[in-house]
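J.: Sequence:
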Amino acid sequence: MGHKFKNKIVDNQIRTRINFKRLIFYFLGASLTIVVTVLVTIFMMRRQDFNAVKNEIAKYSLLDPARSIVEQENFFSTIEPVRKQMKEIVAKYEKDGDKIGIYFEFLNTGANVSINQDARFWPASLSKMPTIFVVMKRIEDGKWQLSNELVLFEEDKDDRFGELYKKPVGTKFTIEELVKETLINSDNTAHKILVRNLSSEEYTDMFEALGMEQLFNEDYNITAKEYSRVFRALYNASYLNRNNSQQLLLWSSESKFDEFIGSGVGSDVVFSHKIGEEFKEVVFLDSGIVYVPSRPYLITIMVEVEDGGGVERAQEIMKELSKAAYDYVSQQ
567 MGHKFKNKIV DNQIRTRINF KRLIFYFLGA SLTIVVTVLV TIFMMRRQDF NAVKNEIAKY
627 SLLDPARSIV EQENFFSTIE PVRKQMKEIV AKYEKDGDKI GIYFEFLNTG ANVSINQDAR
687 FWPASLSKMP TIFVVMKRIE DGKWQLSNEL VLFEEDKDDR FGELYKKPVG TKFTIEELVK
747 ETLINSDNTA HKILVRNLSS EEYTDMFEAL GMEQLFNEDY NITAKEYSRV FRALYNASYL
807 NRNNSQQLLL WSSESKFDEF IGSGVGSDVV FSHKIGEEFK EVVFLDSGIV YVPSRPYLIT
867 IMVEVEDGGG VERAQEIMKE LSKAAYDYVS QQ
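This note's numbering puts the first residue of the sequence shown at 567, with every later residue one more than the last.
The hints are simulated quantities; they were obtained by calculation from the structure and are not laboratory data.
A portion of the hints provided could be inaccurate.
Here are the in silico distance ranges between beta carbons for each label pair [what the hints assert, rightly or not]:
id, residue 1, residue 2, range
1, Asp-662, Leu-628, 27 to 35 Å
2, Leu-629, Glu-660, 36 to 44 Å
3, Lys-661, Glu-715, 50 to 58 Å
4, Glu-847, Tyr-769, 16 to 24 Å
5, Asp-785, Lys-709, 29 to 37 Å
6, Glu-660, Tyr-786, 45 to 53 Å
7, Ser-643, Asn-809, 34 to 42 Å
8, Lys-625, Lys-846, 55 to 63 Å
9, Gln-780, Gly-832, 50 to 58 Å
10, Glu-844, Val-717, 22 to 30 Å
11, Lys-661, Lys-846, 40 to 48 Å
12, Val-735, Gly-708, 26 to 34 Å
Pairs of lysine-lysine residues, derived as DSSO-like cross-links and limited to a Cα-Cα distance of at most 27 Å, are as follows [to be verified]:
id, residue 1, residue 2
13, Lys-650, Lys-665
14, Lys-658, Lys-889
15, Lys-723, Lys-746
16, Lys-723, Lys-885
These figures come from a predicted structure and were not determined experimentally.
Ideal placement from N, C-alpha and C gives every residue a C-beta, glycine not left out.
Using the sequences plus the hints, can you model the full thing?
T.: Next up, the structure:
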């Protein structure tokens, strides 16, 4: 009896386990079906959206393809009001002897404002972005990886910007660390390590590919309009691939320097940019892309202040010009 009861209990336990396993398999099967159904639905919706956009572009084959993606409200018929305002601001400061160059471009349409487009300025740290282009091109060509390491030499140390100069000679940094330090903290030592490991031919190839052989004149000076092409190349991913262009813009948005153009931009708006300062020459520069939702714009401001004005004067000028651009774009 006891033996039969024990056997019955065992049989019931076995059946329970079998039923439980069946329940688990049923549950997993049902869950998998739901997941697959959701993924297929999302894929089909995205495919339909893509096909809709593709059909819309084909419908207007002679127009800018972006016109089928961007809503009408994010296209401006004119930017004359902000052009006039910027000219008035520049004229006001020029009376005091300040030298100002500005380039502003509404990226949805290409409409732009260029004031003193031939005025040239010492580039200071703006020259670091072309170096990063060369570095990332090396990575795309398979010659480097972001995880590769480069060594700090004594000749690389530069205490004017950044903290890496404090590291002992022989310290190794990954290329990713050096690129990020160059873009985010404008670290001179990081930049020098990278430059030392690049060739002049690579810079020449990069400038030729971008059609920017005249970016620097014989005195190594630049204009606001010409330099703006650097950030446009990132925005269009016309030199580096999309992944690397996106990554550089993301790192540039983490820049620690927001006292120039950034001071006139909403705090919740992404601003990918590079700044430059040369206190000896009293030159201050900022260039980048302000990502007002659905209304991105490119802006470069270069200022050479009258002796005695200093960085505070440059901040004042850039904030006023930047705010004029931001208010116009965001409030239309």
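J.: If a hint holds in the structure, say so; if it doesn't, say that too.
T.: Hint-by-hint comparison with the structure:
{"no.": "1", "hint": "Asp-662 - Leu-628: 27 to 35 Å", "result": "49 Å, violated"}
{"no.": "2", "hint": "Leu-629 - Glu-660: 36 to 44 Å", "result": "40 Å, holds"}
{"no.": "3", "hint": "Lys-661 - Glu-715: 50 to 58 Å", "result": "53 Å, holds"}
{"no.": "4", "hint": "Glu-847 - Tyr-769: 16 to 24 Å", "result": "23 Å, holds"}
{"no.": "5", "hint": "Asp-785 - Lys-709: 29 to 37 Å", "result": "32 Å, holds"}
{"no.": "6", "hint": "Glu-660 - Tyr-786: 45 to 53 Å", "result": "24 Å, violated"}
{"no.": "7", "hint": "Ser-643 - Asn-809: 34 to 42 Å", "result": "35 Å, holds"}
{"no.": "8", "hint": "Lys-625 - Lys-846: 55 to 63 Å", "result": "57 Å, holds"}
{"no.": "9", "hint": "Gln-780 - Gly-832: 50 to 58 Å", "result": "35 Å, violated"}
{"no.": "10", "hint": "Glu-844 - Val-717: 22 to 30 Å", "result": "28 Å, holds"}
{"no.": "11", "hint": "Lys-661 - Lys-846: 40 to 48 Å", "result": "25 Å, violated"}
{"no.": "12", "hint": "Val-735 - Gly-708: 26 to 34 Å", "result": "30 Å, holds"}
{"no.": "13", "hint": "Lys-650 - Lys-665", "result": "18 Å, holds"}
{"no.": "14", "hint": "Lys-658 - Lys-889", "result": "16 Å, holds"}
{"no.": "15", "hint": "Lys-723 - Lys-746", "result": "17 Å, holds"}
{"no.": "16", "hint": "Lys-723 - Lys-885", "result": "33 Å, violated"}
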